[in-house]
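Quick note, the sequences are listed as chains A and B, same order. Going by our numbering, the first residue of the first sequence is number 304, and it counts up by one from there. Going by our numbering, the first residue of the second sequence is number 304, and it counts up by one from there.
What the hints contain is simulated information worked out from the structure, not anything from laboratory work. Incorrect hints may appear among the rest.
Derived DSS-like pairs (lysine-lysine); straight-line CA-CA distance at most 30 Å [stated by the list, open to error]: (1) A:K550 with B:K476; (2) B:K585 with B:K463; (3) B:K516 with B:K550; (4) B:K344 with A:K353; (5) A:K652 with B:K476; (6) B:K344 with A:K344; (7) B:K652 with A:K476; (8) A:K355 with B:K353; (9) B:K353 with A:K344; (10) B:K550 with B:K463.
Protein chains: 2
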Amino acid sequence: AGTTLAAPAIAQEMPSINWRMASSFPTSLDTIYGGGPELAKRLEEATDGKFKIQVFAAGELVPGLDAINATTDGTVECAHSVGYYNWGKDPAFACGADLPFTFSGRAKAAYNYHGGGLEKYNQFLEQYDLISFPGGNTGTQMGGWYRKEINTLADLQGLKMRIAGLAGRVVSKLGVVPQQIAGGDIYASLEKGTIDATEWVGPYDDSKLGFQKVAPYYYYPGFWEGGPTVSFFFNKAQWDQLPDNYKSLVRSCAQATDQNMLAKYDSKNPAALKELVASGAKLRPFSEEILTAAFEAANEVYAELSAENEWFKTQYEAMLQFRDDWYLYAQTSEYTFDTFMMIQQRNGKLAP
Amino acid sequence: AGTTLAAPAIAQEMPSINWRMASSFPTSLDTIYGGGPELAKRLEEATDGKFKIQVFAAGELVPGLDAINATTDGTVECAHSVGYYNWGKDPAFACGADLPFTFSGRAKAAYNYHGGGLEKYNQFLEQYDLISFPGGNTGTQMGGWYRKEINTLADLQGLKMRIAGLAGRVVSKLGVVPQQIAGGDIYASLEKGTIDATEWVGPYDDSKLGFQKVAPYYYYPGFWEGGPTVSFFFNKAQWDQLPDNYKSLVRSCAQATDQNMLAKYDSKNPAALKELVASGAKLRPFSEEILTAAFEAANEVYAELSAENEWFKTQYEAMLQFRDDWYLYAQTSEYTFDTFMMIQQRNGKLAP
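Excised from the complex, chain A in its bound form:
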């Protein structure tokens, strides 16, 4: 000690990095998939090409649903995914993505960055050799496409619906029979009547698949995804080797990408929704009966999971006070302003 020289400063500060990222998304979902290339572009530009990440769409290197696991085992250095895809491995993975009836995208950002959400999620992820940062949000998703109207709980009995993971477990308590079907097969399954309903994302992504032609009832809200966080996951050992300037840069660029994905969806969804309705989609809100029963079913699932899984319990319980405070506060200025503006919209006062 004392006689060794530190490595030359330039080499330390700006090493050349070439990483691979496994995305859970196909390129056809251009907005959610686009978060991966967007992070890569921001990093490459800011470092004059020294920090490069090559992004692989779902299935190119590993199946989309394996992107997080491929990061844990070091097949790739990083992933762009949604934590709940790993919920079968450990339900606590879902807590960093979305739990039914928790937060809107706006509230989720506050919880992630300043409500302790991200820290708690990263404490959980350590056992999987991962560290994550938010990298996108879709906003509240739609409640999916249905061949028939769904007015009461009786209408849900035996309903075969393409819906996965934790959301599937919640709605199965209401009599829905969850189905696992790959994205490309959903349209044909609805057309043939093999399934009665499907959830997908929101108007912009849904509009590419033409569901309105075979299952025209388009329900809202997607109560199982009020504000799903899409995340960047990094292999922890690889992350730890980055110099501090690169770590800071990744965090800044990830947060910019996080906001930007939601802003993109918010700019695209309105026009897409109008087009869907013009081409036959019939918009329907879920009834209060269904929403209330689903909320109670979600709470039952949370009690079951909390009894079995300490990491789930810790994260879920941390959300509760934050959620209560947010939805109290939001009733004042935000909600009243939005409500007034929506009334003007209905009265035709907002457009030229």
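Starting from the structure of chain A, add chain B where the hints point.
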């Protein structure tokens, strides 16, 4: 040509930059002021100290309301401010900040980054040798503090209110008499009755000033600031000299800071609102009569300004279709999800 060497790559890629930023905010408004130091910290970290910005609070170098002008004239390289502070110089400055009855913070981000808002604002700013990027948002502000209840338009007649700029021009059409009073003098003015009301920001910032003790009626929403964009302004000549990697880095770090300020406010405002109510604030929504009249007054002001100022007209009209589409779309999933969650909040179902 052809015989000169380009400058050495290292020097070009990572030059040492030392800039000064004039903030329009006092350090006591820690969250909105904090956006300046946050951008500086992100840049300094990502460049290992090569890109430094020293931030000066309002009044340290130039008065807070002169921060943008000091950037135009080159006194400083950049500013952290809100465009509407310059509205007296040119009303079109307000368009990149907020106009009454336009957008929530969520919609504003979509409009800024993907609805053409930022491009249009920067086209306008060129004549002032400026380029700007969003650098924060407060969310929908509160409607201010009032010594007496304000139920009808009659209650606004002759009301002396501390409210500035474009908002002041709108409410003056309703009979309010706008007053200009420095932040530090508001409390005493309300206590003595020199003024009847004041607007400030939202619960977190308002709670530091104790207005509930002298003007307890706390109205919402602050319809003149549905989602005000706080911006970083750069002197265009200085900006143009930055290498491309620094330009990209600034944009990424500014956008991260933009989201982060709103997330900070959203995490702090809920608890602050509860404390304000516990210490005497009486929450009141503005009546529909007042909101509707204010909306019509705002539209009159927009017609007047559009007739006088082409830059205002161009930017304002670009907002209209975007606003209409957003407030149609938002009525589906986002609003219905939030409404359901607020009902559960009122029923005591969200907290442990």
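A quick look at each hint next to the structure:
1. At roughly 52 Å between alpha-carbon atoms, K550 of chain A and K476 of chain B are farther apart than 30 Å, so this suggested pair is violated.
2. Our distance criterion of 30 Å between C-alpha atoms is met by K585 of chain B and K463 of chain B, whose separation comes to about 20 Å.
3. Simply put, K516 of chain B and K550 of chain B have alpha-carbon atoms about 47 Å apart, too far for the 30 Å limit, and the pair is violated.
4. At most 30 Å may separate the alpha-carbon atoms for a hinted pair to count; K344 of chain B and K353 of chain A meet this at roughly 21 Å.
5. Proximity of K652 of chain A to K476 of chain B is assessed by CA-CA distance (about 19 Å); at most 30 Å being required, the pair is judged to hold.
6. With a CA separation close to 21 Å, the supplied pair K344 of chain B and K344 of chain A stays within the 30 Å bound.
7. Restraint check for K652 of chain B and K476 of chain A: the C-alpha separation of about 19 Å stays at or below 30 Å, so the hint holds.
8. This hinted pair checks out: K355 of chain A and K353 of chain B have alpha carbons roughly 21 Å apart, not beyond 30 Å.
9. With a C-alpha separation of about 21 Å, the suggested pairing of K353 of chain B with K344 of chain A holds against the 30 Å cut-off.
10. For a cut-off of 30 Å, the pair hint linking K550 of chain B to K463 of chain B is broken: about 45 Å separates their Cα positions.
The structure is inconsistent with the numbered hints 1, 3 and 10, although it conforms to all the rest.
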